[in-house]
Amino acid sequence: MSLHDKSLTQLRDGIQQGDFSSREVTEHFLARIKKHDAQLNSFISVTEERALQQADAADQARQKNQGGVLNGVPIAHKDIFCTRGIRTSCASRMLDNFISPYDATVVDKLGNAGIVTLGKTNMDEFAMGSSNETSFYGPVKNPWDLERVPGGSSGGSAAAVAARLAPAATGTDTGGSIRQPAALCGITGLKPTYGTVSRWGMIAFASSLDQAGPMARSAEDCALLLQNMVGHDEKDSTCLNRAVDNYLSDLDNDINGLTIGLPEEFFPADLNGNIADVTRKAIAELEKQGAKVVSISLPSVKLSVPTYYVIAPAEASSNLSRFDGVRYGYRCEDPSDLMDLYKRSRSEGFGDEVKRRILVGTYALSHGYYDAYYLKAQKVRRLIRDDFARAFEKVDVIAGPTSPELAFGLGAKKDDPITMYMADVFTIAVNLAGLPALSMPGGFIDGLPVGVQLIGNYFREGQILNAAHRFQLATDWHTQAPTFAGDI
Amino acid sequence: MAINQDTILRVAHLARLQVSEQDCEETTSRLNDILSMVDQLQQADVGDIAPMAHPLDVHQPLRQDIITETDIRAEVMPIAPAQEDNCYLVPRVIE
Numbered sequence: 001m002s003l004h005d006k007s008l009t010q011l012r013d014g015i016q017q018g019d020f021s022s023r024e025v026t027e028h029f030l031a032r033i034k035k036h037d038a039q040l041n042s043f044i045s046v047t048e049e050r051a052l053q054q055a056d057a058a059d060q061a062r063q064k065n066q067g068g069v070l071n072g073v074p075i076a077h078k079d080i081f082c083t084r085g086i087r088t089s090c091a092s093r094m095l096d097n098f099i100s101p102y103d104a105t106v107v108d109k110l111g112n113a114g115i116v117t118l119g120k121t122n123m124d125e126f127a128m129g130s131s132n133e134t135s136f137y138g139p140v141k142n143p144w145d146l147e148r149v150p151g152g153s154s155g156g157s158a159a160a161v162a163a164r165l166a167p168a169a170t171g172t173d174t175g176g177s178i179r180q181p182a183a184l185c186g187i188t189g190l191k192p193t194y195g196t197v198s199r200w201g202m203i204a205f206a207s208s209l210d211q212a213g214p215m216a217r218s219a220e221d222c223a224l225l226l227q228n229m230v231g232h233d234e235k236d237s238t239c240l241n242r243a244v245d246n247y248l249s250d251l252d253n254d255i256n257g258l259t260i261g262l263p264e265e266f267f268p269a270d271l272n273g274n275i276a277d278v279t280r281k282a283i284a285e286l287e288k289q290g291a292k293v294v295s296i297s298l299p300s301v302k303l304s305v306p307t308y309y310v311i312a313p314a315e316a317s318s319n320l321s322r323f324d325g326v327r328y329g330y331r332c333e334d335p336s337d338l339m340d341l342y343k344r345s346r347s348e349g350f351g352d353e354v355k356r357r358i359l360v361g362t363y364a365l366s367h368g369y370y371d372a373y374y375l376k377a378q379k380v381r382r383l384i385r386d387d388f389a390r391a392f393e394k395v396d397v398i399a400g401p402t403s404p405e406l407a408f409g410l411g412a413k414k415d416d417p418i419t420m421y422m423a424d425v426f427t428i429a430v431n432l433a434g435l436p437a438l439s440m441p442g443g444f445i446d447g448l449p450v451g452v453q454l455i456g457n458y459f460r461e462g463q464i465l466n467a468a469h470r471f472q473l474a475t476d477w478h479t480q481a482p483t484f485a486g487d488i
Numbered sequence: 001m002a003i004n005q006d007t008i009l010r011v012a013h014l015a016r017l018q019v020s021e022q023d024c025e026e027t028t029s030r031l032n033d034i035l036s037m038v039d040q041l042q043q044a045d046v047g048d049i050a051p052m053a054h055p056l057d058v059h060q061p062l063r064q065d066i067i068t069e070t071d072i073r074a075e076v077m078p079i080a081p082a083q084e085d086n087c088y089l090v091p092r093v094i095e
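Here the protein sequences line up with chains A and B, keeping their order.
If you're matching positions, the first sequence starts at 1 in this note's numbering and goes up one per residue.
If you're matching positions, the second sequence starts at 1 in this note's numbering and goes up one per residue.
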């Protein structure tokens, strides 16, 4: 088995046991990136020199019986996480020249666990998009079909993991940005409960929705990575101070008696019938293992897309006001006065979709419209959360498709924001409620992967990872690899 | 609630963005598409539901009022687009 076919867990074990060194593994993945990423564009920066230094340090630590639980294992970080001394662009011209002076808490924690950073992955600009086409550095291609999008916004992380250019990667999810690209690229990705992972050093999009999580090939690998990302951080006041759960210890649990709710709203009449079939078949596999399936209803979820497109742009318009061309980031040439400096730096530095969302958010928060848009959206947000709360009185897990469609063609929706926004119709409600959810590969249609979404109650990451792991023990969808590249 | 080009220009100014005359019509039409989708919210019966600003019912923790920040001037000044004598440079504001 080639090194790139090994799971994150197997690589961790192999390095620990001395079957291979961190340097060998790191060089192998760097070589794959060099050879194949020109086709995919999944990386914005490859940090070869630093990766090899980290790998050598990990190998030395092992010889001294030191090193963290992920000692020497290479992964990639979404380019939304600040990395000290390395460009952190958020896929925007605004931050094209931004060398971060500090590490995000997630980067720091994984670094302490011994992780080697291969590089920074491509994404939609400021995480605003569902196709990875809004990146200043160009679109990412889906490794299953280079003419199609990988999903977004964590499209580079998803494509890199699917193409075996990295065994795992970090992602962030504001409205589906981990789960939807995981679904479209055939990998496993988890968005934790809001407040589980520190947002410090993660460039903010919508602060009441943003959450970082792991993207890997299996639920087991996601659990291993998540375990090393979570925990209280006094630098993020929304990061909860509670005991850290053990996501690995429950993975193998029997799922006999687990109650799975299927919301009728996640299987609308106009849903692609093949996607509905694949999803139902995956749930039937869990039923075979003893899970009980019941129908439920989440009536307010149908308003989650309009609710999100008020709240997220409103928060974004506030968060992105920090980019002023003064302290860091892009500044326009020869500003005539301060207003000109602000306006031109921002207009030239931000891409179209980002500017669109800033305008929508500014409008929704402006005098005379606040009640009609922002306040109303916040009230509907509570209705959506209450729907989930009622459902979780009856069921343990909620399941459905992750995305209403397969990976679509590059450019197919570029000029139609509303259709693009609908790509997240099944994922957005989870962010509004703050719940944990994952996407796992459930099958294929015409050679393209289909993702199945499992939503858990607050802090029940362990339960959905357990169900996904049991599913993956009985199926091999998650082990399928795209053939675009061949071996090296 | 459709908006016109004047509103777009006013909102753009509030957001410190420039919308050129040639882009204004298209921007207005795109934003109206988004706002008409968002108008579905008006059908929701929210009664006296309390607005939800945050996903979890938690209180913001307060820290002790002591200085914890270290001097990071040497790290943050070099990434500024224009600086002199440890100050950020901007076009003249006061004549």
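For the record, the hints were derived by calculation from the structure and aren't laboratory data.
Treat the hints loosely; a few may be bogus.
To be verified - Under 10 Å between C-beta atoms, here's a sample of chain A residues computed to sit facing chain B:
1. I99
2. L209
3. E234
4. T238
5. F267
6. P306
7. R327
8. S345
9. L473
10. A474
11. D476
12. W477
13. T479
Claimed, not checked - Away from chain A, derived, C-beta distances all over 12 Å, residues of chain B:
14. D45
15. D65
16. I67
17. D85
Think of the CB as a built atom: it goes at the ideal place given N, C-alpha and C, for glycine as much as any other residue.
Outcome of the hint check:
1. I99: holds (6 Å)
2. L209: Holds - the Cβ of L209 (chain A) comes within 10 Å of chain B, reaching about 8 Å at its closest.
3. E234: This hint holds: E234 (chain A) lies near chain B, its Cβ roughly 7 Å from the closest one there, short of 10 Å.
4. T238: holds (8 Å)
5. F267: violated (20 Å)
6. P306: holds (5 Å)
7. R327: holds (6 Å)
8. S345: Status holds, d = 8 Å.
9. L473: violated (32 Å)
10. A474: violated (33 Å)
11. D476: violated (35 Å)
12. W477: Where the cut-off is 10 Å and the nearest Cβ of chain B is about 31 Å from W477 (chain A), the hint is violated.
13. T479: violated (34 Å)
14. D45: violated (9 Å)
15. D65: holds (14 Å)
16. I67: holds (15 Å)
17. D85: The claim stands: D85 (chain B) keeps its Cβ more than 12 Å from every Cβ of chain A (closest is about 16 Å).
Violated hints for the displayed structure, listed by number in ascending order: 5, 9, 10, 11, 12, 13 and 14.
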